[in-house]
Amino acid sequence: MAGSGKAHLRTEGDIILRVEDLVMEFPVGHTGLKVHAVSGISFDVLRGETLGVVGESGCGKSTTGKAMMMLPKPTSGSVVFEGTELTALKADDMRAARTRMQMIFQDPISSLNPRRKVRDIVREPLVIWKRGSHQEQLAKVDALLEEVGIDPQRAADSRPHEFSGGMCQRISIARSLVLDPTLIICDEPVSALDVSVQAQVLNLLEDLKATHGLTLVFIAHDLAVVKNISDRIQVMYLGKICEVAPSNDLYTSPAHHYTKVLIDSIPVPDPEVAVHQVAIEGEPPSPVAPPPGCRFNPRCPAADDRCRAEEPQLRKVGDGHFVACHHPLIGGEAPVAVRSS
Amino acid sequence: MSPHSAHTAHSIQAASRQLEGPLLEVTDLRTHFRTERGLVRSVDGVSFTLDRGRSLGIVGESGSGKTVLSRSIMGLLPKRNTERSGSVKFEGREVIDLPLADRRKIWGREMSMIFQDPMTSLNPVMRIGKQIGEGLRLHLGMSKEDARATSLHLLREVRIPEPEKRLDQYAFELSGGMRQRVMIALAMSCGPTLLFADEPTTALDVTVQAQILELIGVQKRERNMSLILVTHDLGVVAGHTDDIMVMYGGRMVEKAPTNVLFASMKMPYTEALLKSIPKIEDPSHTRLSVIPGRPPDLVNPPPGCSFAPRCSFAQDRCRTEVPPLITAEHPDHVYACWYPVGSPSHRARTAELAAAMSGAH
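Chains A and B, in that order, are what the protein sequence lines are.
In terms of UniProt numbering, the first sequence opens at residue 1 and continues consecutively.
In terms of UniProt numbering, the second sequence opens at residue 1 and continues consecutively.
Here chain B stands alone, though its shape is the one from the complex:
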């Protein structure tokens, strides 16, 4: 990294920060939206901590609350018709319900976000150089010249071809992959400690997706950032995050270090989700396992476990009592299930289902 004024400023800033305790501490966070149909419980009591330099993947289907969770933490949601409670501590400091002026100081410098759609997230009428420079001038008080030089440096870092030329171009003149690289440069510009990436590759082609994920990983390592990667694709988080949190119906239903989760997943939902992905190594016309039904209604969630209506292993208790988070053999592995994968009841039911299947044929 070139010794640049901006980066010197960052390191001084970083040194003065409180470096003990977890970077992010979320406790019983709830975000509910008031709608005509009733209260939509998009995030319904999520607690977790994230350490410095760690990466967390948040996985879930649409409507699971993964995007609302990340936006609630960052304070990006409008106040109107939103009910929020719980606590979000960033570097030990409560940041929930900070006034807008204070949240603005956090955005970019402490936490920043890469959004899914790089076309609509970039300003279409502002040149790329100016867009990246805007934050640098505002947050770090750079001069116009310094901001431009740093923008160029950032574009080089995200490996955009012909970076000098890009400074004076508009978003529409760039390809999807280049736009996402600009988004990353923009998110990195003020040296955040925590980066959110909300489905950063969903809008991109598969060959470009691999490049962007690798770029985010490199930036994370070089800058010692923490990363929260939000995605619906278990394949994307498997290779790119230290821990994985699975969300369902606004709640965290399982969380574990990535290799622990894949080696011994406890929640039948996690297992079903993984099984429903078509695998390239399977012969064609392999029957896919499906999760019957669809995600729960967040206005009138089912009583008990919200996955129970779709779960092949659900029993009476699942339909009446909400399962609490239980710690598995691994101390960092938690799950919310009464009859987890591998339990005697689960094994018995698996055998029953297998017998029913073979009986049917």
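Bound conformation, chain A alone:
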């Protein structure tokens, strides 16, 4: 199997999104080479859950987020959202499906049209889908703007550049909520913001998740941020899933060597503990020619011949805790049988 196993997929509960064997490849010019951005990953998200996706640049986390929205359609694999197979949908049906799943991007200023008034930007989805009368639309937009902390009167008169980065991210969030979606995919939504503003936006997302009954997929490179907002975290490396675990377990007992490295690399704002050791040497290799076997093997302290030849499958090491590693840091017992598909 090309993927990293499906032992972690759940069979019970209200599964809102299920991704199986997702592959995303892009050609490199006319060289015949391919960027293996995502190489056969599977995961699921329960209704009301926040799934965090974490990894370094080039690990395929953003590509995964976009692939769920068919932006573009994946090379192969299946994405089932609220019971509908999205990869089989025609363009028009997909557009309709996207009203139920929305995305928030990293750069809040460039993801808003600079030439339009903010209130019109937030209202546009309602206009396109002809939801409600003009008055109803405005009332809904104003209520949402109020909820995310933007003065509706100011929004009616101002364009995005008149707002700060944090404000623009709030506007993006209001826009993503206006069609009452069930799933929001957040792609590095706080990476461009200052720490003080980052905390405001993270708290806002938590509040909105509760009031609007949302399910979130939260993609970011900062493990501390992801841990704060997520119920479960999926660690990715070079187009593969390394580990999936409930957020607190991932931190207290990481099973994958890469997860450990990520945790150890976070600079601690405390000089008493900040005797900084470099947790790992080197950088992720190119996704054009990923290494055989476990993709982390060239940088892994525990790698042996088996890791260089045989790709590890995800297996259970704890309650809801799965790892794809031949020599995990915890739970080195026999692998759990891989669910046949």
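Everything labelled a hint here was simulated from the structure, so no lab data went into it.
This structure is a prediction, so every number in the text was calculated from the model and none was measured.
Warning: the hint list may mix true and false statements.
[Stated by the list, open to error] Subject to a maximum C-alpha distance of 35 angstroms in a straight line, what follows is the list of computed DSBU-like cross-link-like pairs (lysine-lysine): (1) A:Lys66 x A:Lys34; (2) B:Lys279 x A:Lys260; (3) A:Lys34 x A:Lys73; (4) B:Lys279 x A:Lys209; (5) A:Lys34 x B:Lys130; (6) A:Lys260 x B:Lys165; (7) A:Lys73 x A:Lys130; (8) B:Lys279 x A:Lys66; (9) B:Lys275 x A:Lys209; (10) A:Lys6 x B:Lys279.
Chain A is fixed; fit chain B onto it per the hints.
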């Protein structure tokens, strides 16, 4: 370190330098930009000194003036629409408003800078070897061959894999981490006494960030350089600098040796900034403390303390009178606050806030 002509030249040069007094002395530095909206007071009266071999972290949010401060010291800002006043003394010599030709002699040899984005800071159409060699030939008068050999040596020092190959490559052929290593090699090439690193790891992945910070630290120790590390991340400076300066609204609001600052921070802003960082050891869904509002408008800064509108501890005096820098128990610890953390008024207000919180639930 290999005995190389370049390094011999450095040591002779270093020996002839004036070695007394602080390396850098900044007094009441102001940098204001003329814009259509009015005068932007990016740096508004900052004074500090930096001793030889010491490292200083400058921390602040975007718009706090930390980058403008470091560029003003180095003289990298355009003259046009810029108003600058105050004094910057480097090794006892006034360097503010030096003519360009003289500033060029300082850049690279005395002060150099590692910028945030290694892709846009490197010349995209010049091979790496030539780029590093350019400064060596210009400032140290090396021959082409010597410059190339020294460039190779520098690339080895910054631990770039396959350094021979890199000499003839272009920036786009290297990864982000390697580009930042090239930037460091370039900044080190002429043996500066003072190195500025402006958000050197913000564009890098977290695992690479640790490597680059450690590399900067090693280079600093080996070359006995002074370092000014500019960052928005208190976590980055905590482990890598001797002293920390916190900037807010173009002013220095607190400065102390790193361990003193973390043990007894006085400025409510510093405390709030530290508290708003999500901590990895906290359970998930821990409510983050936020600083309400946003950084001040530098064209029309609020009267009094610029943090007062966002400060939970602000009182009437804070809104009218600008607090001066006050020295704390530790002689090297200064802060600008009327009601600092730990003062009776601050404690009373903390109790009040706690009561209000528990009353609300």
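Here is how each hint holds up against the structure:
Restraint check for lysine 66 of chain A and lysine 34 of chain A: the C-alpha separation of about 18 angstroms stays at or below 35 angstroms, so the hint holds. Simply put, lysine 279 of chain B and lysine 260 of chain A have alpha-carbon atoms about 16 angstroms apart, close enough for the 35 angstroms limit, and the pair holds. A distance of roughly 16 angstroms separates the Cα atoms of lysine 34 of chain A and lysine 73 of chain A; the hinted pair therefore holds under the 35 angstroms criterion. Between the alpha carbons of lysine 279 of chain B and lysine 209 of chain A the distance comes to roughly 21 angstroms, so the proposed pair stays at or under 35 angstroms and holds.
Under the criterion of a C-alpha separation no larger than 35 angstroms, the hint pairing lysine 34 of chain A with lysine 130 of chain B is consistent with the structure, at around 32 angstroms. For a cut-off of 35 angstroms, the pair hint linking lysine 260 of chain A to lysine 165 of chain B stands: about 33 angstroms separates their Cα positions. This hinted pair checks out: lysine 73 of chain A and lysine 130 of chain A have alpha carbons roughly 27 angstroms apart, not beyond 35 angstroms. Distance hint between lysine 279 of chain B and lysine 66 of chain A is fulfilled; the C-alpha atoms sit about 28 angstroms from each other, no more than 35 angstroms.
A C-alpha spacing of about 23 angstroms is found between lysine 275 of chain B and lysine 209 of chain A, which places the hinted pair at or below 35 angstroms, so the restraint holds. Taking the CA atoms of lysine 6 of chain A and lysine 279 of chain B, the gap is near 31 angstroms; set against the 35 angstroms cutoff, the hint holds.
Violated hints: none; the structure is consistent with every hint.
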